[in-house]
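Protein chains in written order, with my numbering: chain V, 1 to 371; chain Y, 1 to 371.
Treat the hints with care, as some may be off.
In silico BS3-like pairs for lysine-lysine, Cα to Cα no more than 25 Å straight-line [unchecked claim]: (1) Lys-101(V) - Lys-240(V); (2) Lys-322(V) - Lys-296(V); (3) Lys-240(Y) - Lys-366(V); (4) Lys-120(Y) - Lys-158(V); (5) Lys-254(V) - Lys-366(V); (6) Lys-235(V) - Lys-120(Y); (7) Lys-158(Y) - Lys-120(V); (8) Lys-158(Y) - Lys-119(V); (9) Lys-158(V) - Lys-366(Y); (10) Lys-158(V) - Lys-119(Y); (11) Lys-119(Y) - Lys-235(V); (12) Lys-158(V) - Lys-207(Y); (13) Lys-119(Y) - Lys-177(V); (14) Lys-177(V) - Lys-183(Y); (15) Lys-339(Y) - Lys-183(V); (16) Lys-177(Y) - Lys-119(V); (17) Lys-183(Y) - Lys-158(V); (18) Lys-366(Y) - Lys-158(Y); (19) Lys-120(V) - Lys-119(Y); (20) Lys-39(V) - Lys-101(V); (21) Lys-183(Y) - Lys-235(V); (22) Lys-240(Y) - Lys-120(V); (23) Lys-235(Y) - Lys-183(V).
Since the hints were derived computationally from the structure, they do not count as laboratory data. Note that the coordinates shown come from a computational prediction; the quantities given were computed from them, not determined experimentally.
Number of protein chains: 2
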Amino acid sequence: MARMIVTPWEVRGEIDYERLIREFGTQRITPELLERIKKHTGELHFLLRRGIFFSHRDLDWILDEYEKGNRFYLYTGRGPSENVHIGHLVPWILTKWLQDKFDVKLYFQMTDDEKFLFKKNLTLEETNRLAYENALDVIALGFDHRKTFIFSDIDYAKTLYREAIKVAKRLTLSTAKAVFGFKNSNNVGEIFFTSMQAVPAFLESVKQGRNVPCLIPYGIDQDAHFRVARDILPKLGFYKPAAIHSKFFPGLLKGGKMSASDPRSAIFTTDSPEEIRKKVANAFTGGRDTIEEQRKLGGRPEICSVFKYYEFFFEPDDERLKEISSSCKKGERTCGECKQILTEKIVKFVEEHQKKREKARKVLDKFILRD
Amino acid sequence: MARMIVTPWEVRGEIDYERLIREFGTQRITPELLERIKKHTGELHFLLRRGIFFSHRDLDWILDEYEKGNRFYLYTGRGPSENVHIGHLVPWILTKWLQDKFDVKLYFQMTDDEKFLFKKNLTLEETNRLAYENALDVIALGFDHRKTFIFSDIDYAKTLYREAIKVAKRLTLSTAKAVFGFKNSNNVGEIFFTSMQAVPAFLESVKQGRNVPCLIPYGIDQDAHFRVARDILPKLGFYKPAAIHSKFFPGLLKGGKMSASDPRSAIFTTDSPEEIRKKVANAFTGGRDTIEEQRKLGGRPEICSVFKYYEFFFEPDDERLKEISSSCKKGERTCGECKQILTEKIVKFVEEHQKKREKARKVLDKFILRD
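Make a model of the complete structure from these sequences and hints.
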């Protein structure tokens with residue numbers, strides 16, 4: 001297996017989440033911590049129950065403060081280099097659930113500057129356009145516009161740059177190189193950028209003129225940015241941001257995470273039913289070479305990308321998920337029928353999402369922060 | 001003599017302007033070029049006649065374009081880390097003369113972000129405040145508000161950041177290190193900053209949607225920024241900015257340029273008559289140890305800081321300047337009387353400037369660009 005690489009710009013190899021917890025110095029989300037959340041939320045989202053959000057920093061402190069009446073706010077974001085795929089929605093879905101259950105604000109950052117700086121062939125006009133296209137996918141999930149503030153870095157730069165240079169002043173080139181692995185061939189915008197990503201982690205404190213705890217749900221690949229932010233923010237007089245980390249949504253092909261760079265590996269929210277059918281039909285499964293072998297030996301849901309789709313997204317009911325797994329293992333469920341059931345679920349979801357996405361165009365302005 | 005160091009953040013040692021022309025790869029401003037300017041302006045400003053503006057890049061091209069009817073615009077700026085001193089006014093005075101004679105626009109950049117990033121003990125609030133205080137000094141010189149656009153980087157960041165990242169994407173860490181001498185201990189904001197300083201060199205082209213030539217008058221210490229800008233702007237489809245470079249206004253003490261970091265070396269526009277009198281009284285001159293020696297050997301205007309004040313600022317008449325020099329050399333003019341005459345000229349200028357500066361508060365808003 002290829003060496004594991006997990007950075008904000010590259011995820012490669014077989015992912016060992018336990019090793020990431022050790023290497024990044026995060027904490028496992030324990031059953032005790034889940035129980036503590038449940039005390040406030042009444043139930044647990046399946047993304048928490050199933051350990052898809054598996055790691056955290058200072059989530060216990062966030063709950064301490066919440067219990068004292070010091071309400072946190074949420075911050076997450078998106079690098080708008082492409083249309084949104086199903087994998088992107090996973091952390092946003094938990095973010096919405098947290099917003100609803102705890103009744104808190106959310107800052108949602110569209111890093112169109114980042115994607116312009118890091119992607120050779122993308123223009124600023126294109127990443128900026130995608131920022132607003134991707135925002136429609138966020139809104140389509142049902143976020144409350146009174147509590148949700150979406151912004152493009154480029155169009156909110158007056159507010160952000162002023163705060164970002166305070167972070168930048170505290171971040172040496174030496175540290176940036178060590179944390180992100182920058183080389184002499186990196187451009188100076190790439191090196192500066194993490195300062196912009198740090199800002200929403202204290203922006204609510206700036207606006208309120210008092211310290212407000214911040215909780216950031218994100219894919220564990222983004223952790224380097226927030227290790228830097230956690231180091232610097234206390235020096236500026238702010239709390240360290242807390243975090244909960246999700247695993248990567250596996251791609252439809254063998255190995256690797258769902259990736260916009262290989263369209264066959266991901267279902268985009270803009271895909272047509274035909275595209276969805278084709279992609280699922282070609283998906284990598286844990287099935288055997290022949291139906292006879294499948295009946296005899298059973299399938300392997302633990303390596304199956306189709307099963308992961310049920311687990312991460314399309315089967316929120318734990319009992320039913322267990323049935324899928326056990327009937328697969330017993331060889332009762334063939335890959336063909338399993339794919340067909342999933343296809344219909346995805347097509348239905350995407351069709352509904354696309355309708356909500358189009359409706360979102362009309363209310364987009366209610367969500368957008370601009371200078 | 002100490003080794004010559006000339007960077008945007010440090011000027012040290014004995015300055016060899018001929019060597020700077022060779023090392024920076026600029027052109028000398030020749031008598032022929034001055035004649036060409038005079039064809040359009042009718043006369044030559046003493047800062048040009050006396051070679052205080054001594055070097056350029058593509059000034060001949062600016063005149064070519066002007067003669068073809070393709071009018072240029074001006075861009076200069078100020079790092080607001082302190083109050084303004086007389087030395088700062090020198091390039092601005094020529095800039096105003098150029099604006100008047102050629103009837104052109106001026107962008108004036110206040111790099112409050114830079115000074116915050118590079119000065120350990122300055123807060124953003126302080127550099128931002130100084131940006132507007134220093135702007136009063138610019139306005140007091142009589143710039144035309146219909147053609148003059150002053151902005152703080154912090155308060156105009158939405159416009160600037162969008163363009164700056166286009167520059168940043170083209171500038172590798174490797175080049176930034178080679179040009180500016182950055183080390184691992186520099187902060188990531190310092191490394192990014194030159195991208196912000198490049199923007200006004202093509203901002204008018206962005207606004208007009210067509211290429212407009214840009215001429216930048218500046219102290220030669222800022223050259224590194226514009227070498228970078230000249231390299232990158234054509235890659236973005238813009239003209240290389242042209243430039244004219246001034247020498248450093250010498251300080252009142254022995255050696256070095258007038259510097260805000262040693263208040264005794266400079267006359268600030270906010271100084272009281274008493275402060276001015278005291279500073280000039282303590283100034284380094286080319287006089288002899290005793291009056292008798294002075295009468296016998298004569299003074300040395302070529303090393304005298306008081307004489308430099310006449311040359312750079314307070315005696316625009318070439319004939320009278322020559323008289324001061326020759327009477328000094330002949331031992332007819334003592335340092336005491338020479339200082340007294342200068343003191344009165346400075347006090348008068350500063351008092352008038354301060355009045356204009358206060359009036360400028362009322363019209364400041366007419367000059368300021370904000371997002």
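Is the straight-line distance between the alpha-carbon of Lys-254(V) and that of Lys-366(V) 25 Å or less?
Given that 25 Å is the threshold and the Cα spacing comes to 41 Å, the pair is violated.
Pair hint Lys-235(Y) and Lys-183(V), alpha-carbon separation not exceeding 25 Å
Distance of about 22 Å is within 25 Å: holds.
For the pair we were handed, Lys-119(Y) and Lys-235(V), check the Cα-Cα distance against 25 Å.
Given that 25 Å is the threshold and the Cα spacing comes to 17 Å, the pair holds.
Has the given pair, Lys-101(V) with Lys-240(V), been kept, meaning a C-alpha gap of at most 25 Å?
23 Å, holds
Would you mind confirming whether the straight-line C-alpha gap from Lys-119(Y) to Lys-177(V) stays at or under 25 Å?
The given pair, whose Cα atoms are some 22 Å apart, holds under the 25 Å limit.
Is the straight-line distance between the alpha-carbon of Lys-322(V) and that of Lys-296(V) 25 Å or less?
20 Å, holds
Does the structure keep Lys-120(Y) and Lys-158(V) at a Cα separation of 25 Å or less?
23 Å, holds
Pair hint Lys-240(Y) and Lys-120(V), alpha-carbon separation not exceeding 25 Å:
23 Å, holds
Would you check the hint for Lys-366(Y) and Lys-158(Y), treating anything up to 25 Å between C-alpha atoms as holding?
Measuring from Cα to Cα gives roughly 20 Å; hence the hint holds.
Given the hint that Lys-39(V) pairs with Lys-101(V), does the C-alpha gap stay at or below 25 Å?
With Cα atoms ~11 Å apart, Lys-39(V) and Lys-101(V) stay inside 25 Å; holds.
Hey, Lys-177(Y) versus Lys-119(V), does the alpha-carbon distance stay inside 25 Å?
Distance ~22 Å between Lys-177(Y) and Lys-119(V) Cα, so the pair holds.
CA of Lys-183(Y) to CA of Lys-235(V), is that 25 Å or under?
Distance of about 22 Å is within 25 Å: holds.
Hint compliance for this structure: hints 3, 5, 15, 17, 19 are not met, and every other hint is.
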